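*Asks:* We have chain A already, so just place chain B on it with the hints.
Residues per chain, in single letters:
Protein chains: 2
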Amino acid sequence: DTQTKQIQEGISHVEKHFGELCQLFAAYVRKTARLRDKSDLLVREISLYADTETPNLKNGLKNFADQLAKIQDYRQAEVERLEAKVVEPLKVYGNIVKTKREDLKLTQSARNREAKQMQQLERMRQRNPSDRQIIAESELQRATMDATRTTRQLEETIDMFEKQKIQDIKRILGEFVTVEMTFHAKALEVYTTAYQHIQSVDEEGDL
Amino acid sequence: DTQTKQIQEGISHVEKHFGELCQLFAAYVRKTARLRDKSDLLVREISLYADTETPNLKNGLKNFADQLAKIQDYRQAEVERLEAKVVEPLKVYGNIVKTKREDLKLTQSARNREAKQMQQLERMRQRNPSDRQIIAESELQRATMDATRTTRQLEETIDMFEKQKIQDIKRILGEFVTVEMTFHAKALEVYTTAYQHIQSVDEEGDL
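As given, the protein sequences belong to chains A and B, one line each in that order.
Taking this note's numbering, the leading residue of the first sequence gets 118, the next gets one more, and so forth.
Taking this note's numbering, the leading residue of the second sequence gets 118, the next gets one more, and so forth.
Next comes chain A alone, as it looks inside the complex (with noise of 0.2 angstroms):
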């Protein structure tokens, strides 16, 4: 029926998605980790370029270089952290939601069998209406009290992975802001001390 179809697009939209997401989320990492490794580069040729120069610049460079390699040590974090707490737990959204579409189709399956039992003994009380003793009543009432209790564990279940899905996604994406937000703090911080570093400098001193 249609509101079983509209629940299983909803499964697939979500299943494709976090999928992408979790693709997405770690090219974004990788291209984070070629950034840090650009920056080692750097780090490394200011130290090179340093030995090569004057005391006061030396130690200028030198200093400056220190720090941004602590930079490159917190984005080593925020690289780790992404992989955690962002991809991995999109990759494993990928088996839950398997899981949530089997416990889907079983419950569909009882509900549909419930369903046909009722129609059934329905017709056949209709066509043989003094066969009471057959059929008995609490036998149909059985089948009815079996379909709506199986109906309300499908509701309940869908239910459930609609909650989980928002609480995923939102504790995901939030996970993704804090590490962000916790490695562009610690530049702000670390830069503020390398551009004193090279500030500095005493354009005289070495002359």
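Please keep in mind that the hints were generated in silico from the structure rather than gathered at the bench.
Since the model is a prediction, treat every value here as computed from it, not as a measurement.
Some hints could be false.
Unchecked claim - Once the Cα atoms are required to be at most 27 angstroms apart in a straight line, the calculated DSSO-like pairs of lysine-lysine come out as:
id, chain 1, residue 1, chain 2, residue 2
1, A, 187, B, 287
2, A, 208, A, 122
3, B, 202, A, 187
4, B, 202, B, 148
5, A, 179, B, 148
6, A, 148, A, 280
7, A, 179, B, 202
Stated by the list, open to error - Which stretches of chain A does chain B cover? Using the computed rule of at least three CB atoms under 8 angstroms from a CB of chain B, they are:
id, segment
8, 267-281
9, 293-307
10, 310-317
Positions of the beta carbon are idealized from the N, C-alpha and C atoms, including for glycine.
*Replies:* Coordinates of chain B only, in the frame set by chain A:
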């Protein structure tokens, strides 16, 4: 002589290391641009996912994506400013160093020519002390003065080169830090808004 060799070595160091710094900063900028590209894809994907979602979550995701897009605009500005204020000045520096090397070569050869001329005059005076009319004292004096002047010019050229170099590397690294800090500060600000948008999604509202 030793001084000349030291000076030429110094200029070669600057030429080599400014060139390598230029290439590495250019690579840093390229990697930053790649990170922006991936982030743009993330923004698009979050927005596509939002379109398949219930109103509250959709709204939160769309706002989140808008903020993430804003950060990529700032990253684009970062890329352009690093290109203009760090990579380009380092590239131009290659030519400055070449010009300085030429200046230095000219001054040094003038100095050598004068030194030789002085030695010649001195030798002539020692061999023929009587030929005072031929090798006028005034001529020797002039040669001495010229040599002194050229040496002072050479020293000034080198001092200027050194001073300019210190000012330039301070300015260029200072610009790098300023551009980076501006980006990090803006990112912090925008992520704060993004966090609020995603955390304010009502978990019950869409059920």
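*Asks:* For every hint, state whether the structure bears it out.
*Replies:* So, going through the hints one by one against the coordinates:
Note on residue 187 (chain A) and residue 287 (chain B): the hinted pairing holds, with a Cα-Cα distance of about 20 angstroms set against a maximum of 27 angstroms. Taking the CA atoms of residue 208 (chain A) and residue 122 (chain A), the gap is near 25 angstroms; set against the 27 angstroms cutoff, the hint holds. With a C-alpha separation of about 23 angstroms, the suggested pair residue 202 (chain B) and residue 187 (chain A) falls inside the 27 angstroms cut-off, and the hint holds. Simply put, residue 202 (chain B) and residue 148 (chain B) have alpha-carbon atoms about 17 angstroms apart, close enough for the 27 angstroms limit, and the pair holds.
Distance hint between residue 179 (chain A) and residue 148 (chain B) is fulfilled; the C-alpha atoms sit about 24 angstroms from each other, no more than 27 angstroms. For a cut-off of 27 angstroms, the pair hint linking residue 148 (chain A) to residue 280 (chain A) is broken: about 32 angstroms separates their Cα positions. Proximity of residue 179 (chain A) to residue 202 (chain B) is assessed by CA-CA distance (about 22 angstroms); at most 27 angstroms being required, the pair is judged to hold. Residues of the segment 267-281 of chain A lying with their CB closer than 8 angstroms to a CB of chain B number 3, which satisfies the three-residue condition for coverage.
Evaluation of the coverage hint for the segment 293-307 of chain A: fulfilled, as 8 residues show C-beta separations to chain B shorter than 8 angstroms, against a requirement of three. Against chain B, the segment 310-317 of chain A contributes 4 residues with a C-beta closer than 8 angstroms to a partner C-beta. That satisfies the three-residue criterion, and the hint holds.
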